[in-house]
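Given chain A's structure and the hints, the job is docking chain X onto it.
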Amino acid sequence: MGFANTLRLALRALARNKMRSLLTMLGIIIGVGAVIATVSIGSGAEYLIQQGIQSMGTNAVFISSGSSRPGGLRMGSWAVKTLTMDDMNAVLREVPLIKEAAPMVVRRSQVVYQNANWSTTIQGTTPNYFPIRTWAANSGATFGDQEVDSAANVAVLGSTVAQYLFAGEDPVGKTIRIGTLPFQVIGVLESKGQSVMGTDQDDVIFAPYTTVQRKIAGITWIQFINASAVSPEASVAAVAQVRSLLRERHRVRPGEDEDFTVRTQSDVADLASATQRLMTMLLGSVASVSLLVGGIGIMNIMLVSVTERTREIGLRMAVGATEASVKNQFLIEAVTLSMAGGLIGIVAGVAGSAAISSLLAWPTLISAKSILAAAAFAAGVGVFFGYYPALKAAQLDPIEALRYE
Amino acid sequence: MTENPLNPLKAPVAAEAARADSRPVKTPGALAGAAPGPASSVDKAVIRLEGLHKTYHLGETEVFALRGVSLEIFAGEFVAVMGSSGSGKSTLMNILGCLDKPTRGHYFLEDVEVSGYSKAQLAGLRNRKIGFVFQQFNLLSRTSALENVELPTVYAGLPVEEREKRARESLALVGLADRAEHHPSQLSGGQQQRVAIARALVNRPSIVLADEPTGNLDSRTSVEIMDIFQKLNTDHGITVVLVTHEQDIAQYAKRIMEFRDGRMRRDVAVTGRLFASEVLPTLPTLEEENKEDNVQASPNLGNRS
Chain A
1 MGFANTLRLA
11 LRALARNKMR
21 SLLTMLGIII
31 GVGAVIATVS
41 IGSGAEYLIQ
51 QGIQSMGTNA
61 VFISSGSSRP
71 GGLRMGSWAV
81 KTLTMDDMNA
91 VLREVPLIKE
101 AAPMVVRRSQ
111 VVYQNANWST
121 TIQGTTPNYF
131 PIRTWAANSG
141 ATFGDQEVDS
151 AANVAVLGST
161 VAQYLFAGED
171 PVGKTIRIGT
181 LPFQVIGVLE
191 SKGQSVMGTD
201 QDDVIFAPYT
211 TVQRKIAGIT
221 WIQFINASAV
231 SPEASVAAVA
241 QVRSLLRERH
251 RVRPGEDEDF
261 TVRTQSDVAD
271 LASATQRLMT
281 MLLGSVASVS
291 LLVGGIGIMN
301 IMLVSVTERT
311 REIGLRMAVG
321 ATEASVKNQF
331 LIEAVTLSMA
341 GGLIGIVAGV
351 AGSAAISSLL
361 AWPTLISAKS
371 ILAAAAFAAG
381 VGVFFGYYPA
391 LKAAQLDPIE
401 ALRYE
Chain X
406 MTENPLNPLK
416 APVAAEAARA
426 DSRPVKTPGA
436 LAGAAPGPAS
446 SVDKAVIRLE
456 GLHKTYHLGE
466 TEVFALRGVS
476 LEIFAGEFVA
486 VMGSSGSGKS
496 TLMNILGCLD
506 KPTRGHYFLE
516 DVEVSGYSKA
526 QLAGLRNRKI
536 GFVFQQFNLL
546 SRTSALENVE
556 LPTVYAGLPV
566 EEREKRARES
576 LALVGLADRA
586 EHHPSQLSGG
596 QQQRVAIARA
606 LVNRPSIVLA
616 DEPTGNLDSR
626 TSVEIMDIFQ
636 KLNTDHGITV
646 VLVTHEQDIA
656 QYAKRIMEFR
666 DGRMRRDVAV
676 TGRLFASEVL
686 PTLPTLEEEN
696 KEDNVQASPN
706 LGNRS
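Sequence order for the protein chains is A and X.
According to my numbering, the first sequence holds residues 1 to 405 in order.
According to my numbering, the second sequence holds residues 406 to 710 in order.
Do not take every clue at face value.
[What the hints assert, rightly or not] Below, simulated BS3-like cross-link-like pairs (lysine-lysine); rule was C-alpha separation at most 30 Å, straight line:
#1 K81(A) with K215(A)
#2 K392(A) with K506(X)
#3 K524(X) with K392(A)
#4 K449(X) with K506(X)
#5 K81(A) with K99(A)
#6 K192(A) with K174(A)
[To be verified] Away from chain A, derived, C-beta distances all over 10 Å, residues of chain X:
#7 R453
#8 G456
#9 N499
#10 K524
#11 N543
#12 E552
#13 A582
#14 E663
#15 P686
For the record, the hints were derived by calculation from the structure and aren't laboratory data.
Positions of the beta carbon are idealized from the N, C-alpha and C atoms, including for glycine.
Next up, chain X with everything else stripped away, as it sits in the complex:
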């Protein structure tokens, strides 16, 4: 997979930088100046938040979902966002994903202030700059993996041949080149999530946002998915922001941001980072797990069969 010659994604970050990943990452403030290696491209902040506030009005009461969040995420980073429910991490993801607008503060996506964008402009940003991976996979049922992956390219207005080419490349990246014509119902949960990841990559976004991507998967498949994220991050320099509440999943990232009560409480480099490629051989395989099914009931879109 990693040898895929069709790799459509941006030139892999220098291998040197990739190797540097295993080192503890410094706090973001320090990172800009002190990153190792051929750093200038790595140091570019893909995301920069300054004093971000989000307030919801639920009837009479005001809910302060985010209360002044400032952070930077750089190209090539792999960040795990943690926090209990109500911590503001979902709100943060919605804003990072341009699905929601901040009440106050600034959001720079690739150095462009986007907090004032219109709905249509935000839709364009989501299409070009952001790849989403969801807990529920959110694949269209009765639609082949290839067509599912093509979906963002349709809204990007790419010509038909280009769409299919990119979708196939994207599927190859997640190791599903041979499953292009399969429908979601014919794929295992892990494979479905890989299709969803391929879909997230197809428009070559600046950043992939994964919201509890392993929440619906058993532990071995979860590690397999983390393996894919790590390879995409390491080998192709794709920036990943992962929301999870599982500490062991967060351990696969390079950096952990912890949220509580709408504020970032902790922002640390991962110590004792796990590598899925090393963990996987130690896990029992599917057969060994006594035929335990890893195809879990996955609520696909409009699936009424």
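Okay, chain A solo, but in the shape it has when bound:
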């Protein structure tokens, strides 16, 4: 008996029990729908992160002090004191693929204006940091080389800080206190909003790095270098060059761990994506457990169905059904159940993602891969969980089956 015939038989048998078929499919529908929805939401999150990171410039290269590689006891980034302005200047001078670089010295401090106060990060840098980040002042101006050279007490506020300290008042020209030192506010930056990691990028005060180094932190080194390569394609080569230069300057012997880390924008993006992907996979695998449960549901119903239709099976065998055709019939019924469930689940998952997308303003990405995987998994569940009942049906003795009450 041909496949088309068997399929027709299976469909007819399922149609005879519409309610039951639907309920049996429900497990698969929910499983497939949940997998597709979670994966699409996860992919959406990944997309958001990627977008955010791309917006920071695809040719960015980050150099931080300390090693952030796992294993052994490490002090963590920024804990070692070996990264200096000389390193940065050397990089600018000797690595032609690096176009620009700005240092970063970070301290957390309490900031006071009159009776308002706020705790925020003070970031010390050079004037070219702002164009690298494409970040401009909304009012006032950012500081120049002169303020850096003189380690002037000038501050450029992020919009959040301005909001908390000044509450609508124009901060430019006012004097605030950072720790114990008075600083003159010379500008307020335009709002950048939340970073992809969820932190408020506007909750920051920028000052010349020299000021932060000497007057606030009391250190001589820098913690971080924000560099940018001449092009996105050059960033990987730039990283290698920066690394070999810094190894040489820091006298890192071959095989020894570096006391710095160099990453490209895409490394950071990959890291963020990998984290997000792990999350997505975790959610997806939780959701796929329901696929498994759905499969068990199918097996259960198919076993019931075989018992219930024992006489039908006996009759079919009496009128010429071979063991193979009986087995195929039940197998195809199971696969049809799971595939139909899978298809409905795909529709439900896509619809669910669309609903989440529009309700929560969260981008969801439905990948063809996840749909294919869900469909294949559903079919696999059908075959796997349908095989045993089908075999049981095929192995019935027609004489016994016909006599079955």
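Using the frame of chain A, we list chain X on its own:
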């Protein structure tokens, strides 16, 4: 019904032979040589058993269900197999129907030895050569009469149009052409059994095996079913083997085989054969039976409504 121009079945046996049916049939051994009329086609043994044994093992004990059965059934015959339970008649029917294999001995179906066939080969034989009619009808519920009748053609691999054509012809043969779209639950017990007979005929089998086909029916409907069997046998030359424990039902056959303890004890031509077409007018009709319902509870397959 008998005038049905769509008759799909093998060319009716010569009318002369049909008329000869009313005569007492000789014992099988004699029949081969002495059959009357244009006999060569009639004389072909559809079924021949030689020293057939069937032994079951129930735990430690052996049950000898058949102990050396030899018989021949010829085309155009109408045989009633009788016997009490445990006589071996069910085992015999299972073997004749290729549902079971003999332990020992030979089974020739249309001169082909089938006792060594594989399960799949036997399934093919059941499909093409044998039509089953059961006591319980065994129709698929929630499935139209037409689709029920089509079932064997599906396994025969016939094209869809051919299936429906044959099923309709088969239904017409049992007088149910106008009930093709009805579901079993909408049919009376007698009609359901007629659907089952149509199903048995649809693949144009060599032989129809009916296992207590009237066991679930009231007496008038039983006679109606016997009428159909007699007409199929007489008018279309269909070979019928009928298992029954009712003597009056057996009287509609041409030949009776009686089984006891796994052996055939008696093999005789029916004397005083009954003809359903003559008996029916003498029976009270449905209305006369004071609305007694002839639709009996019939356990259909998977019927849970």
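Quick rundown of the hints versus the structure:
For the hint linking K81(A) to K215(A), the alpha-carbon distance of about 17 Å falls within 30 Å, and the restraint holds. Distance check on the hinted pair: K392(A) and K506(X) sit about 21 Å apart at the alpha-carbon level, within 30 Å; holds. Annotation: proposed proximity of K524(X) to K392(A) holds, straight-line Cα distance about 16 Å (limit 30 Å). Proximity of K449(X) to K506(X) is assessed by CA-CA distance (about 23 Å); at most 30 Å being required, the pair is judged to hold.
With a CA separation close to 25 Å, the supplied pair K81(A) and K99(A) stays within the 30 Å bound. Annotation: proposed proximity of K192(A) to K174(A) holds, straight-line Cα distance about 23 Å (limit 30 Å). The Cβ of R453(X) lies farther than 10 Å from every Cβ of chain A, with a closest approach of about 22 Å, so its non-interface assignment holds. No beta-carbon of chain A comes within 10 Å of the beta-carbon of G456(X); the shortest separation is about 22 Å.
The Cβ of N499(X) sits about 5 Å from the closest Cβ of chain A, inside the 10 Å cut-off, so the non-interface label is violated. Residue placement check: K524(X) does not keep its beta carbon more than 10 Å from all beta carbons of chain A (closest about 6 Å). With a minimum CB-CB distance of about 5 Å to chain A, N543(X) fails to clear the 10 Å threshold, and the non-interface call is violated. With a closest Cβ-Cβ approach of about 8 Å to chain A, E552(X) is found to fall inside the 10 Å limit, against its non-interface label.
With a least CB separation of 21 Å from chain A, A582(X) remains clear of the 10 Å interface cut-off, as annotated. The claim that E663(X) lies off the interface holds: its Cβ sits roughly 22 Å from the closest Cβ of chain A, which is beyond the 10 Å cut-off. With a least CB separation of 35 Å from chain A, P686(X) remains clear of the 10 Å interface cut-off, as annotated.
Hints 9, 10, 11, 12 from the list above are not met by this structure, while the remaining hints are.
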